[in-house]
Amino acid sequence: MTALAPARPATRRTLLRLHRPALLAWTAFVLLAAGELLWVHYSAAPQERTCARHWCAYTTFAGADGVMRLLGEALCYAPCAVAAWAGAALIGRELESGTAQLVWTQAVTPVHWLTAKLTMAALPLLTGASVLALVFDSVWSADQDVLAAHWDWDRVFVPRGPLLPALVLFGLAAGALAGLALRRALPALAVACAACVVLRLYLRDLWEPLRGPLTGFRPLHLAATGMVLVLTAGVTVAAYAVLRRRTA
Amino acid sequence: MSSDAALRADALGKRFGRRGGWALRDCSFRLPAGRVCAVVGPNGAGKSTLLALAAGLTAPTEGSVTVLGTTPAAARPRVGFVAQDKPLYPQLTIAETLRMGADLNPEHWDAAVAEQVVTGGGLDPKARIRSLSGGQRTRVALALAVGKRPELLLLDEPMADLDPLARHELMGTLMAQAAQYGTTIVMSSHVVAELEDSCDHLLLVGGGRIRLSGEIDELLAAHLRVTGAADAGGLDAATVVESRVTGRQLTALVRPAGPLPGDWRTSAPSLEELILAHLRNPGAPALHEESAA
Chain A
1 MTALAPARPA
11 TRRTLLRLHR
21 PALLAWTAFV
31 LLAAGELLWV
41 HYSAAPQERT
51 CARHWCAYTT
61 FAGADGVMRL
71 LGEALCYAPC
81 AVAAWAGAAL
91 IGRELESGTA
101 QLVWTQAVTP
111 VHWLTAKLTM
121 AALPLLTGAS
131 VLALVFDSVW
141 SADQDVLAAH
151 WDWDRVFVPR
161 GPLLPALVLF
171 GLAAGALAGL
181 ALRRALPALA
191 VACAACVVLR
201 LYLRDLWEPL
211 RGPLTGFRPL
221 HLAATGMVLV
231 LTAGVTVAAY
241 AVLRRRTA
Chain B
1 MSSDAALRAD
11 ALGKRFGRRG
21 GWALRDCSFR
31 LPAGRVCAVV
41 GPNGAGKSTL
51 LALAAGLTAP
61 TEGSVTVLGT
71 TPAAARPRVG
81 FVAQDKPLYP
91 QLTIAETLRM
101 GADLNPEHWD
111 AAVAEQVVTG
121 GGLDPKARIR
131 SLSGGQRTRV
141 ALALAVGKRP
151 ELLLLDEPMA
161 DLDPLARHEL
171 MGTLMAQAAQ
181 YGTTIVMSSH
191 VVAELEDSCD
201 HLLLVGGGRI
211 RLSGEIDELL
221 AAHLRVTGAA
231 DAGGLDAATV
241 VESRVTGRQL
251 TALVRPAGPL
261 PGDWRTSAPS
271 LEELILAHLR
281 NPGAPALHEE
291 SAA
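Going line by line, the protein sequences match chains A and B. Number 138 in the UniProt record's numbering belongs to position 138 of the first sequence; there are no gaps in the numbering. Number 249 in the UniProt record's numbering belongs to position 249 of the second sequence; there are no gaps in the numbering.
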């Protein structure tokens with residue numbers, strides 16, 4: 001006898017509703033940052049090329065170089081904000097207040113719950129980070145003449161390709177692991193954020209040793225991306241292991 | 001033999017942390033399907049741990065628990081659970097909370113019953129959970145659990161913050177569910193009076209162990225309250241749960257193994273007396289009445 005497969009619980013509507021503020025905030029950040037980048041390319045950079053020929057006054061933060069420097073730093077630390085959010089709001093708070101247990105006593109298994117949460121968060125995060133990386137790379141490549149920066153500086157190296165989405169994914173995974181292991185919002189926020197800051201500060205030590213065998217921006221950038229993805233996979237596996245150990 | 005057991009524990013134990021104390025240890029009991037079971041015990045006895053294990057929220061440290069003939073994880077779609085602190089998403093409205101219940105419990109969501117529980121309290125479906133009082137939140141949590149139309153309903157201190165009217169009404173709703181669908185209900189409490197009228201099965205938990213388990217009628221029938229002269233003797237054949245001497249008179253709660261000598265005056269104990277006597281005397285042997293099944 002063949003029974004119909006039982007309907008899977010539909011988690012999407014609930015998750016979208018619960019994390020609507022975070023989705024709006026991330027969308028706003030992506031639009032704002034992309035808008036700034038386009039402003040640099042279409043307004044600030046051409047204006048400064050004219051200024052190079054004539055004389056005109058400009059301030060540090062309004063100039064193309066200043067804005068790119070600021071945006072580069074902001075994008076480098078964006079994964080830390082994602083980790084803080086994932087540790088506190090996505091996972092830690094739910095375990096602390098018992099709402100995760102509320103969902104687990106519907107027809108949703110803990111593993112299904114974690115998978116749904118991570119996927120629902122990863123999709124907009126990956127899309128947004130990829131868009132920002134693409135725009136940053138094209139603006140930086142096109143306007144190098146007015147920017148005082150070298151390709152191997154962190155604030156240029158990180159946001160110019162797939163390394164940025166990879167780091168954002170790492171932030172998500174680190175937040176999930178911290179939330180599941182600590183089961184409280186505030187400690188999870190602190191630990192996940194700290195882990196991301198440490199990775200940000202020592203990121204250079206990951207790819208710098210490869211400088212002999214690999215040369216140029218692309219190979220080194222892709223190698224660094226690979227290493228971050230391996231790290232992310234390890235952290236994700238650990239998060240699922242913690243969840244399985246804790247629940248029946 | 002276990003096919004009709006809604007809940008069964010075999011040498012079940014749970015310890016929190018590697019060096020922590022045992023919240024529950026060596027628990028074995030069997031709850032037949034269709035019963036309304038009271039889980040009674042003092043604060044910190046292990047009631048909540050027992051219910052969380054049955055709901056599949058935590059994994060046992062040792063032993064096993066069987067729910068509706070399978071593992072707690074596999075029984076998840078057929079089990080309803082209301083935790084002691086009634087967790088709900090504060091930012092959702094009541095209507096959104098019930099819609100979540102419908103989404104997360106495909107194929108067995110009963111919207112009519114859930115809405116009936118909510119509207120019974122005169123609650124506005126558009127009200128946010130964070131604006132509700134403790135008792136009103138309990139009502140929504142119960143609506144979520146009942147709307148799932150579970151075969152086994154686990155309720156941890158469900159009535160603690162309800163007013164007497166709401167308590168009476170919701171208890172009625174639960175009992176109607178149990179009668180109509182044969183739902184097994186397990187509810188914990190430390191207020192015995194709350195459970196006496198509605199429950200037919202008892203699990204007494206004390207110090208992380210099961211002290212009494214069985215049909216309430218049979219447990220009561222197995223015990224006698226006896227009064228007599230302190231030097232009368234003749235109680236050796238019975239198990240003495242508790243005894244107290246005032247002057248020359250001795251009052252005791254005993255489990256008689258056979259007829260007692262005629263000079264003892266006997267009476268049937270109340271459920272509260274039975275429970276208190278066992279809680280006051282942790283050394284008294286446990287009793288598991290299994291004959292009903």
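Rather than coming from a laboratory, the hints here were simulated on the basis of the structure. Even glycine gets a Cβ: it sits at the ideal position worked out from N, Cα and C. There could be a bad hint or two in this list.
Claimed, not checked - Here's a subset of chain B near chain A, in silico, CB distances under 10 Å, partners left out:
#1 58
#2 59
#3 86
#4 88
#5 100
#6 104
#7 106
#8 107
#9 144
#10 154
#11 181
#12 182
As the list claims (entries may be wrong) - A short, non-exhaustive set of chain A residues, derived as facing chain B with CB atoms under 7 Å:
#13 9
#14 10
#15 99
#16 108
#17 112
#18 116
Hints, verified against the model:
Using the Cβ-Cβ criterion of 10 Å, the hint placing residue 58 (chain B) at the interface with chain A is satisfied: the shortest such distance is roughly 7 Å. Annotation: residue 59 (chain B) was flagged as interfacial toward chain A, and the flag holds, the nearest CB pair being 5 Å apart, inside 10 Å. Taking 10 Å as the C-beta cut-off, the interface hint given for residue 86 (chain B) holds, the closest approach to chain A being about 8 Å. For residue 88 (chain B), the interface hint holds, since its Cβ comes within 10 Å of a Cβ in chain A; the closest pair sits about 7 Å apart.
Hint status for residue 100 (chain B): holds, given a least beta-carbon distance of 5 Å to chain A, under 10 Å. With its C-beta approaching chain A no nearer than about 4 Å, residue 104 (chain B) sits inside the 10 Å limit, and its interface hint holds. With a least beta-carbon distance of about 4 Å to chain A, the hint placing residue 106 (chain B) at the interface is held under the 10 Å criterion. Nearest Cβ of chain A to the Cβ of residue 107 (chain B): about 5 Å, under the 10 Å cut. The hint holds.
Residue-level restraint check for residue 144 (chain B) holds (minimum Cβ-Cβ distance to chain A is 8 Å; threshold 10 Å). With a cut of 10 Å, the hint placing residue 154 (chain B) at the interface with chain A holds, because the nearest CB-to-CB distance is about 8 Å. The beta carbon of residue 181 (chain B) comes no nearer than 17 Å to any beta carbon in chain A, farther than 10 Å, and the hint placing it at the interface is violated. Taken as an interface hint, residue 182 (chain B) does not check out: its beta carbon lies about 20 Å from the nearest beta carbon of chain A, beyond 10 Å.
Interface hint status for residue 9 (chain A): upheld, as the beta-carbon distance to the closest one in chain B is roughly 4 Å, under 7 Å. With a least beta-carbon distance of about 4 Å to chain B, the hint placing residue 10 (chain A) at the interface is held under the 7 Å criterion. Hint status for residue 99 (chain A) relative to chain B: holds, with the closest Cβ pair at about 5 Å, below 7 Å. The closest approach between the C-beta of residue 108 (chain A) and any C-beta of chain B is roughly 5 Å, which is under the 7 Å cut-off, so the hint is satisfied.
Interface restraint check for residue 112 (chain A): the shortest CB-CB distance to chain B comes to about 10 Å, outside 7 Å, so the restraint is violated. At its closest, the beta carbon of residue 116 (chain A) sits 10 Å from a beta carbon of chain B; the interface hint therefore is violated under the 7 Å criterion.
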